[in-house]
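Chains as they are written, first to last, in my numbering: chain L, 1 to 329; chain F, 1 to 337.
No wet-lab data here; the hints were simulated from the structure.
As the structure is a prediction and not an experimental result, all values here were calculated from the model.
Among the clues, some could well be false.
[Stated by the list, open to error] Only pairs whose alpha carbons sit at most 20 Å apart, straight line, appear in this in silico EDC-like list of lysine to aspartate or glutamate:
hint : chain 1 : residue 1 : chain 2 : residue 2
1    : L       : Lys249    : F       : Glu240
2    : F       : Lys11     : F       : Glu114
3    : L       : Lys249    : F       : Glu50
4    : F       : Lys270    : L       : Glu229
5    : L       : Lys249    : L       : Asp232
6    : F       : Lys41     : F       : Glu84
7    : F       : Lys149    : F       : Glu202
8    : F       : Lys268    : L       : Glu154
9    : L       : Lys249    : F       : Glu171
10   : F       : Lys268    : F       : Glu240
11   : L       : Lys249    : F       : Glu263
12   : L       : Lys146    : F       : Glu277
13   : F       : Lys30     : F       : Glu43
[To be verified] Chain F regions said to be covered by chain L (calculated; three or more residues, Cβ under 8 Å):
hint : region
14   : 80-90
15   : 98-106
16   : 180-189
17   : 207-221
18   : 251-263
Even glycine gets a Cβ: it sits at the ideal position worked out from N, Cα and C.
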Amino acid sequence: MVRMDTPPLLEVRDLQVHFKVFGGHLKVLDGVNMIVRAGEKVGLVGESGCGKTTTMKAILRILPQPPAKIVGGQVLFRGQDVLRMRPDELRQIRGRGISMIFQDPTAALNPVFTIGQQLGDVIRYSHRNGRLDARQIQLKALQSLKEVALADPERLLHSYPIQLSGGMRQRVCIAMALATQPELLIADEPGTSLDVTIQDQILRLLHNLVVERNTSIILITHTLGVVREVTDRVYVMYAGSIVESAPTKTLFANPMFPYTRGLMQSVPRLSGGGVAEGIPGRIPNYLHPPSGCRFHPRCPHVMEICRREKPPMFTVGEEHYVACYLYAC
Amino acid sequence: MPPILEYKELKKYFTIGYRGLLKREPITVKAVDGVSFAIHKGEIFGLVGESGSGKSTVAYTTIGMYRPTSGVIEFQGESLFTREGKRPRHIKKEIQIVFQDPGSSLNPRRSVKEILELPLSIHQPAKKHIGRVAELLEMVELPVDYMYKYPQALSGGEKQIVAIARALATEPSFIILDEPTSALDVSIQGKIINLLLRLRQEFHLSYLFITHDLSLMRNVASRVAIMYLGKICEVAEASEFFRNPKHPYTQMLLSSIPVVSEEEEALKPKRVQSRGEIPSPVNIPSGCSFHLRCPYKMDICPRVDPQMVDTGSGHLVRCHLYPAQTENHPAGEQVIT
Numbered sequence: 001m002v003r004m005d006t007p008p009l010l011e012v013r014d015l016q017v018h019f020k021v022f023g024g025h026l027k028v029l030d031g032v033n034m035i036v037r038a039g040e041k042v043g044l045v046g047e048s049g050c051g052k053t054t055t056m057k058a059i060l061r062i063l064p065q066p067p068a069k070i071v072g073g074q075v076l077f078r079g080q081d082v083l084r085m086r087p088d089e090l091r092q093i094r095g096r097g098i099s100m101i102f103q104d105p106t107a108a109l110n111p112v113f114t115i116g117q118q119l120g121d122v123i124r125y126s127h128r129n130g131r132l133d134a135r136q137i138q139l140k141a142l143q144s145l146k147e148v149a150l151a152d153p154e155r156l157l158h159s160y161p162i163q164l165s166g167g168m169r170q171r172v173c174i175a176m177a178l179a180t181q182p183e184l185l186i187a188d189e190p191g192t193s194l195d196v197t198i199q200d201q202i203l204r205l206l207h208n209l210v211v212e213r214n215t216s217i218i219l220i221t222h223t224l225g226v227v228r229e230v231t232d233r234v235y236v237m238y239a240g241s242i243v244e245s246a247p248t249k250t251l252f253a254n255p256m257f258p259y260t261r262g263l264m265q266s267v268p269r270l271s272g273g274g275v276a277e278g279i280p281g282r283i284p285n286y287l288h289p290p291s292g293c294r295f296h297p298r299c300p301h302v303m304e305i306c307r308r309e310k311p312p313m314f315t316v317g318e319e320h321y322v323a324c325y326l327y328a329c
Numbered sequence: 001m002p003p004i005l006e007y008k009e010l011k012k013y014f015t016i017g018y019r020g021l022l023k024r025e026p027i028t029v030k031a032v033d034g035v036s037f038a039i040h041k042g043e044i045f046g047l048v049g050e051s052g053s054g055k056s057t058v059a060y061t062t063i064g065m066y067r068p069t070s071g072v073i074e075f076q077g078e079s080l081f082t083r084e085g086k087r088p089r090h091i092k093k094e095i096q097i098v099f100q101d102p103g104s105s106l107n108p109r110r111s112v113k114e115i116l117e118l119p120l121s122i123h124q125p126a127k128k129h130i131g132r133v134a135e136l137l138e139m140v141e142l143p144v145d146y147m148y149k150y151p152q153a154l155s156g157g158e159k160q161i162v163a164i165a166r167a168l169a170t171e172p173s174f175i176i177l178d179e180p181t182s183a184l185d186v187s188i189q190g191k192i193i194n195l196l197l198r199l200r201q202e203f204h205l206s207y208l209f210i211t212h213d214l215s216l217m218r219n220v221a222s223r224v225a226i227m228y229l230g231k232i233c234e235v236a237e238a239s240e241f242f243r244n245p246k247h248p249y250t251q252m253l254l255s256s257i258p259v260v261s262e263e264e265e266a267l268k269p270k271r272v273q274s275r276g277e278i279p280s281p282v283n284i285p286s287g288c289s290f291h292l293r294c295p296y297k298m299d300i301c302p303r304v305d306p307q308m309v310d311t312g313s314g315h316l317v318r319c320h321l322y323p324a325q326t327e328n329h330p331a332g333e334q335v336i337t
């Protein structure tokens with residue numbers, strides 16, 4: 001657990017992203033605020049289409065612009081605003097400062113280059129002092145493949161992605177993301193495309209590696225069980241804004257935002273007891289998002305004020321914040 | 001009463017290419033390799049397995065998309081595959097399927113009405129169907145005016161509900177649910193599952209429920225079978241299955257599930273941690289196909305494929321840790337409990 005007074009490594013302030021489409025602008029991110037401290041393991045949960053991946057891509061500035069447009073806000077990494085950086089400054093951040101593991105390892109690897117070439121490139125461009133020769137690069141590549149517990153790394157260096165299984169490819173992607181020794185690792189659904197026994201291996205590996213190096217991590221997922229097992233603190237996202245944040249234990253013991261509660265109840269339990277109905281309705285249309293709290297059309301406790309005004313974050317406990325008028329004092 | 005559906009030594013091999021000097025030796029994938037089980041009337045039979053385990057092949061063979069390489073599937077005592085080839089219409093009507101991804105199982109150029117009319121026009125030609133379409137939509141709790149919508153105007157959950165309505169159109173007695181909620185968000189999953197449970201009650205349906213989500217299975221199925229590389233390794237009543245998993249692979253699967261409460265954590269077997277890769281179905285390991293990943297591997301495992309053994313009250317396990325009482329096994333093997 002990281003102390004709460006540790007200064008933030010990453011701070012996202014009121015991030016707003018729109019997408020230009022035929023017929024108008026999709027107002028996808030509606031003021032996202034989050035903090036990641038050094039060495040902290042943070043989870044980001046929400047259903048598909050709620051803006052999790054968009055937020056992360058905006059942080060790394062890899063959103064295709066256009067159609068995306070960052071309308072407002074700041075992304076402070078070590079106090080510097082990533083959104084206003086020059087390309088050469090950005091290169092210092094990508095890889096060395098922040099690196100990312102994508103959901104689908106098959107799409108993240110280039111099919112026409114060997115693992116050795118791809119991993120070697122990452123190592124070469126992220127090396128901090130001076131240049132490395134081919135021999136040193138190969139040694140470092142072997143080293144990073146060994147760290148992710150891949151058998152026979154010498155042979156792997158000369159293999160193409162298609163020759164590896166899904167689990168092996170994801171391990172290669174983890175090796176690549178960590179080879180640059182980043183301070184912050186963004187893992188976007190790292191186990192979702194894998195089978196459950198393989199997902200378990202990957203998550204344990206990832207957890208051990210980040211703890212060992214004291215790397216901060218943002219784990220994006222829609223599987224609540226994964227968040228509970230890996231993270232210290234959780235942000236819950238709904239329709240483009242953070243609706244609740246709390247230490248993981250607190251959130252699972254006492255979810256407060258109506259959406260978080262519905263989500264928790266929707267998870268089928270291994271202990272039995274049937275499946276809850278879930279949350280009625282669907283994620284809103286971003287072209288004409290609901291006024292006020294974006295959850296109000298689906299909320300069982302909707303009040304008059306919810307339709308009019310977007311709720312601010314209310315403090316409800318130690319490090320526990322909820323954007324809901326139910327908890328206004 | 002005979003079971004509604006019975007699989008006897010079902011095998012389905014696919015030839016994916018040829019090797020050898022003259023390219024005459026076929027390379028086969030044993031997608032399903034000797035699977036036997038029976039589903040009783042009114043039951044929800046759960047079939048669990050990871051990708052490549054052959055669970056979807058079992059489903060597709062049952063509805064007739066594939067002919068089995070060998071073995072028999074009997075529907076109420078009647079074989080589904082006759083020599084004439086074509087399956088009689090009265091059996092087709094009885095067995096329906098709901099696919100995993102409603103985005104690709106509904107024709108984007110057909111309205112909901114047309115989608116639901118197609119099975120009706122095949123099984124009840126020369127009849128007006130609009131009334132029945134409205135009835136079907138009511139059965140699945142969708143507004144009747146949805147019949148004029150096209151799939152793209154529906155959310156993922158609604159599309160899947162339309163796919164369920166289509167399966168119900170022929171008044172089947174047996175429905176295969178091939179991962180019906182795995183493409184959907186967890187907040188929508190509950191609605192679909194509860195709808196399916198209600199429909200089963202109302203229309204006396206039996207389900208073959210395929211999923212890889214064991215937590216979901218716990219809450220839905222009455223009996224569960226686990227598949228690994230084309231073979232079934234364990235079958236049991238759902239409650240017994242989760243209380244007392246016997247096969248090492250089942251234990252590994254259960255211990256890998258990410259859960260959301262301490263209470264569930266206590267139910268997971270602690271001793272078996274996941275390790276190793278799932279082997280390619282083209283190259284299935286000798287003997288017991290799980291031996292490369294098994295923490296309790298013995299000398300016999302790579303040599304001999306174990307037999308299915310009844311360990312009491314219908315809990316079947318296919319593992320050398322549970323030797324059959326009647327057979328003599330080589331000395332030096334111990335049962336680890």
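Practice problem: Give me the numbers of the hints this structure contradicts, sorted from smallest to largest. | Solution: Violated hints (numbers, rising): 1, 2, 3, 6, 7, 8, 9, 13, 14 and 15; every other hint is consistent with the structure.
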